[in-house]
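We have chain A already, so just place chains B, C and D with the ligands on it with the hints.
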Amino acid sequence: MSRERSSAERGVLLQNPLSGISLRRHGGLIALALLLLFNIVFTRNFLHMQTLFVNVSQVATIAIVAVGMTLVIATRGVDLSVGAVMALAGALAPLIFMSSFGRANPGLGVALAIIVPLLVAAACGLFNGVLVAFLNVQPIIATLILFISGRGIALVLTNGNLQTFSNPIFSFLGTGRILGLPFQGWLALAIALFFAWLVARTLYGRYLLAVGGNETAAGLAGVPVRTVKIATYVISASLAGLAGLIVVAINSASDAARIGNLMELDAIAAAVVGGAVLSGGRAPILGAIFGAVFIQLVRYTLLANGFSDEVALIIKAAIIVFAVYLQQASRE
Amino acid sequence: LAQGLPPLEQKDRYKVGFAQTESNNPWRIAETKSFQDVAGSCNWDLVYTDAAGSAAKQVSDVESMIAQGVDAIFLAPREEKPLVPAVMRAKAAGIPVFLVDRSVDPAVAKAGQDYVTFLGSDFVDQGKRAAEWLIENFKGDKGVIIELEGTTGSSPANDRKKGFDERIAQDDRFEIVASQSGDFARDAGRQVTETLLQAHPDMNVIYAHNDEMAIGAIQALEVAGKKPGEDVTIVSIDGTRDALQAIIDGKMGVTVESSPFFGPLACDTLKRYAAGEEIEPWVKVEDRIFTKENAAEHIDEAY
Amino acid sequence: MTTPLLRMTGISKAFNGVPALARAELAVDRGEVHAIVGQNGAGKSTLIKILTGVYQRDEGEIAFDGAPSTIASPREAQERGVSTIYQELNLVPLRSVTENVVLGYEPRTRWGTIDWRGAHRRTGEILSRFGVDIDVKAPLATYPTAIQQLVAIARAVSLNAKLVIMDEPTSSLDEREVEVLFGVIRELKNSGTSILYVSHFLDELFEICDRVTIMRDGRTVGVANIAETTKLDLIAAMLGRSAAEIQTAGMTELAATGDRSGELLLEAEGVATNRRLRNLSLKVRRGEIVGLAGLLGSGRTEAARAIFGCDKPTAGRVAMKGTAIDCPRTAISRGIGYLTEDRKAEGIVPELSVRENMTLALLPQLSRMGLVDKAREREIVERFIRSLGIKAAHMDQKVSELSGGNQQKVLLGRWLAIQPALLILDEPTRGVDVGAKLEIQAIIRRYVDEGCGVILISSEFQELIEGADEIVVLQEGESVRTVSNPGVTEDMLVHAIAQPKAKEVDA
Amino acid sequence: MLGDAFDLRTYTRQLGRSSTITVWIALLCLILFGLLRYDNFGSTYNIGSFLNYNSMFILISVGMCFVIMTGGIDLSVGSVAAFASVVAALLSPHGLWVALPGGILAGMAFGAVNAFIILVMRVPPFMATLATMLAAKGCALVLSGKQTVSVSWESNFTTLGMSSAFGILPWTILVTAIVVVAAWIVLEKTSLGRTVLAVGGSPDAAHLMGLKTGRAIAFVYLFSGACAGLAGVFLASGYGAGQPLEGVGWELAAIASVVVGGTLLTGGLGSIPATVAGALLFGLVFNILNFENGRGTISLSAYWQSVIRGGLLLLVILLQARVQSLGVRSKTS
Ligand SMILES: Nc1ncnc2c1ncn2[C@@H]1O[C@H](COP(=O)(O)OP(=O)(O)OP(=O)(O)O)[C@@H](O)[C@H]1O
Ligand SMILES: Nc1ncnc2c1ncn2[C@@H]1O[C@H](COP(=O)(O)OP(=O)(O)OP(=O)(O)O)[C@@H](O)[C@H]1O
Ligand SMILES: [Mg+2]
Ligand SMILES: [Mg+2]
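Chains as they are written, first to last, in my numbering: chain A, 1 to 332; chain B, 1 to 303; chain C, 1 to 507; chain D, 1 to 333.
Worth flagging that the hints you see were computed from the coordinates, not collected in a lab.
We put the beta carbon where it would ideally sit given N, CA and C, even for glycine.
Treat the hints with caution; some may be incorrect.
Derived Cβ-Cβ restraints for the label pairs, each shown as a range [what the hints assert, rightly or not]:
#1 A:A123 <-> D:G249: 23 to 29 Å
#2 D:V181 <-> C:D203: 54 to 60 Å
#3 D:I21 <-> C:E379: 52 to 58 Å
#4 B:K284 <-> D:F116: 50 to 56 Å
One chain only, chain A, in its complex shape (with noise of 0.2 Å):
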């Protein structure tokens, strides 16, 4: 009985915030703290509205495909198709307000040219889970596929070609602003929000962990796994979808060669920098933004401070080693 009372007791020691302010255990976000403070030392004009403005226009994309990313990692998985998806999505966007239904009605034509993409972004998504959740083909090896010939089916649809359009509705996906900032930033930071509700308070969410944690333990409990993977690979392609539309709106023009290229790389980085473990069961979302403005920063300040391209890569990749150690260090 009395063991039973202090254990309790030793609970609320453990819960107690103050206790868990370690240096170990905020590693991530100390990392963070002293890039920012290089960077305010020593980056010209980087307390400046406009490079909030820049680094978060930027981060946007990386941001929205990171929390698809995360949550395929929680299941145990990985999507290298993202990019790929992001590509193929982009691509179709402008043939559809550009086609001739499209140029007709304006309207219309732009809010086919946001569902449809996702949709088929969506689909994307079903291919890969199906493949991991029926099939039981692993997930490096199912996304591949689409990593391998998603981009190809976007080049064969454009012919290759880029397409360079001037439409200001669907541009606002890329440079609207609301309250002086970038609309895509409110966008991923509504993402976020909104799939770390799901993640913590949803049914969803739990099974998302439970299939990651032990997914035979999961089945037998009566989790649908299979549902509940094919659901996780359909939201990651969808925000990649999504993602590749505010790039195509960016730059008001669509190359499917390049769409994406490496944000499998970059949204996996930061899922892991953000918490997530590849060995599933974690699904940090908020950490995916964090481990997501993490690398934008990274490359920012590499950026502004003028490293060659070749010695940007050597740092970044210690910088990437560190940050991840940090995290994994206050885990343990």
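Structure of chains B, C and D with the ligands alone, referenced to chain A:
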């Protein structure tokens, strides 16, 4: 005929290989299309391969052309040095090789001896001409330049940088304050410009290694509230339709042409070679220069 | 008196500030079989893991074989002559049986490469000491838990150690294998090897051990010569209560009482699956515990899986109150719960908390429009933690940080929480201490008395005999006969299990 | 239904054998298809140049196979090969016997960095090698001054990549074959190889069984680095230049080869010969596409090629899944 060059018999129809480097940008796509178009008019069976950006794969592609017994090979080398073996193997197999748009290491393989000729322009010269236009046309007293480089380590990026930087160094009005890679892509060009604009708000010239990055830079400038063409002079290379339009709109100063339309020239050169003509070691492509004066006339030919 | 082989003094260890061991002591003499007993979470496994270098101690001294121990990793432990069978089976399921036995100590050929032929032969020989005759080249995962446990034991025993540690080696063995194991232990003892033996089956201690160390709440509360103690004393010391208090309770809490004419809940008729279940027929009524008995590998677990809809039947049918079951989800929605045998692989979700693990099956009922009602969740979990006596720091503690027995209670809680009409329990008291075992049995009994049905799989005959109203005997995937309580004796059951197949139904 | 999906027992029993069969069948079909459809497909010239080019991919796939068997992954192989090619090219004036070990050591240096980050800093392999992938590319560019580096044509360095042993068998193929056989022996016949598999199967268990898990993990990354280094030497020697920009996407090609060869990405199972078959299978697709373009009937654009490659991967995977389920069924009936 020149020493060692394999001969080419005169035929109605040739089986011609075209070994493309990659197809991930509009320029390459236009080049490939030009070859495909000319294959019809010139009576070629075209064997087209795509090395997806890998020099080693391109050598292997050429080897598979050799295995298939093509009559001649047009090779757009990924890199100068690693493609030498491809040239040598084709020569050993008795297949004449024509280099397109980039050459191979002249220290090892020689035109008129190992390969027939090189059709193309001079990347270093393109950079130099961009610099010259800038020197002539720049109005202010201090030119603060941001350079958007192509894919790090690629030879057009290296050459276009070399030509421009060397020429611009001769004029002390100019200073290159930042030079970063935009990977030849519009999106990257935009993002890099956005960032560099913050770090160097006093910049007033952008030199981009290709038009796509230049267009991206224009977008970045506009978002930041600067007027491209007025506050910032933009010089670039390629001559794409979007770039010509930007010049017409007054947003861009100049673009040095780097024509991808090699097809007709290739057809012509092959015919001349088969006819036994001596081919000059470098079939130069005359690159034009597009400015406000002539952009409108040429925009319809652009890709 | 000579110095003991092993002496651990003043060992303390805390996990995240929560003490698991507080100045625990242990001394093992040469050539003795020494037991450790204690409730779930008393710190037995932790003490062992500190000895073998899996965990680093916070304080305390260890002397082994006459010198202070510097063992910092399991490898070093093995090299110093300590070989261990850990509680959570630690083998490599994808690799062959041979590899699992000889890995790290492979016989070599002249060329320095592995002598596979020799390795297979040696493995076969070692396993045959345990009466196991299997294809040693097949992946370990193709064999049932019990065989895997024997393989783990075989590996540990084959290392020629000075001290062999066995943390609940018999938890998934049936009586026959236990006897074989004891034979091996006696052999080891005679050859001068010491054995550290952890078990919740107190009867076993009296059969095989010389001395026993009793632990409670991370402390050593006593050491006794087995010959001079009684089961009751041990239990009293473990629980920290007086012997008189304990005596009033029976030894198993399952003992059947109520009538058994309840409504038919579940009916299985000639069920076969492609996991070697060949012909299962059984009926479960409300208020009834149906036991499944059989030898190792007779297909009891397979029977449970088939009933729960994990494996599709290739013949026959399973019906719960008349409707068919085709997957675990429908099974659960029809009111069936299934506590699996393999806690680690099929039970807990290690990254999740006690709370999240416990409500996993209940979630659909806890949520409306996909939203989890957290307040209700906490309340329910609170209740089960109290009623099952789960020792956790708090309900948000990761379940993997709990001791084995407490994990088992969390899983039991998972199923009780859905208030199932039928509960399938595969080895429900495995790895659970005596105190908790009685509690669990009492809970099961209470639950049955409320009008629910239970299918009970247990390798402990006592549990079946005292608990089950009916016992269905399986042989090679077939239900061959049924015996009914009251009146079943251990002899009868052993006879029923061993007797060659011939359909007959007892009255 | 759950049973099929999660039945580890039958799954493992079947997996190894059936996936291996799938890749061999697919390879055979593709070879037959090529032989029947194209002239000169089976010519010595084509076979020689095909194997010569693909020897690099075989090497990195074998290295990758070891890494994956421990449950890890090595994304850095492509960049490391590029880096090693630069190192070898820079060393080539001193001759093959300096440049060859130099290139291999350059690869192993990155392998050591990977091992360090993974073992000591406990960063997951995916992230660790993702970082070294960037770093190796950066180093290659820095070292080469952003240019391809000419090899010395005077020294004997290009012998390795451009000439044949005994006048018939290209050295690259011979060396690759030796590495493959050695790797196979290590895996099947040594304690180290078995430890690699055990570590992948269950890292905790392997540790508690007292196996030298750290050593096994360090070994696989060093080996993978060495293989990438050797591939880099082939690259420099066979193409006459150190190429800092090569190797893009090699890691994915290698992973695909390994997986199509029946190796589980979660570790614990794997086959060297089947991995080689997987690498050949993917190489063959390119070769066949080149020949198909040469028939002149259709001229496939590069985009179609990538669609077709993805489609083929899908096909092989579906076949594998099918064979597995058939295997499970026939086994139990
Ligand atoms: N890795 C860990 N992290 C946190 N707490 C732990 C860890 N391992 C054990 N504990 C805690 O230490 C205490 C002792 O656990 P231990 O496993 O030693 O118990 P045990 O006596 O072996 O119990 P059982 O009979 O159930 O196996 C428990 O309260 C448990 O929750
Ligand atoms: N000695 C053995 N040799 C080979 N295979 C065995 C052996 N014992 C069991 N098996 C395999 O395991 C299968 C069933 O094991 P299962 O775990 O279902 O048995 P169980 O009756 O539930 O026993 P347990 O009490 O160990 O759980 C058998 O059909 C058989 O193929
Ligand atoms: Mg224990
Ligand atoms: Mg069982």
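Hints, one by one, checked against the model:
no.	hint	in the structure
1	A:A123 <-> D:G249: 23 to 29 Å	holds, 25 Å
2	D:V181 <-> C:D203: 54 to 60 Å	holds, 57 Å
3	D:I21 <-> C:E379: 52 to 58 Å	holds, 55 Å
4	B:K284 <-> D:F116: 50 to 56 Å	holds, 53 Å
Figure legend: structure checked against the earlier numbered hints; every hint is met.
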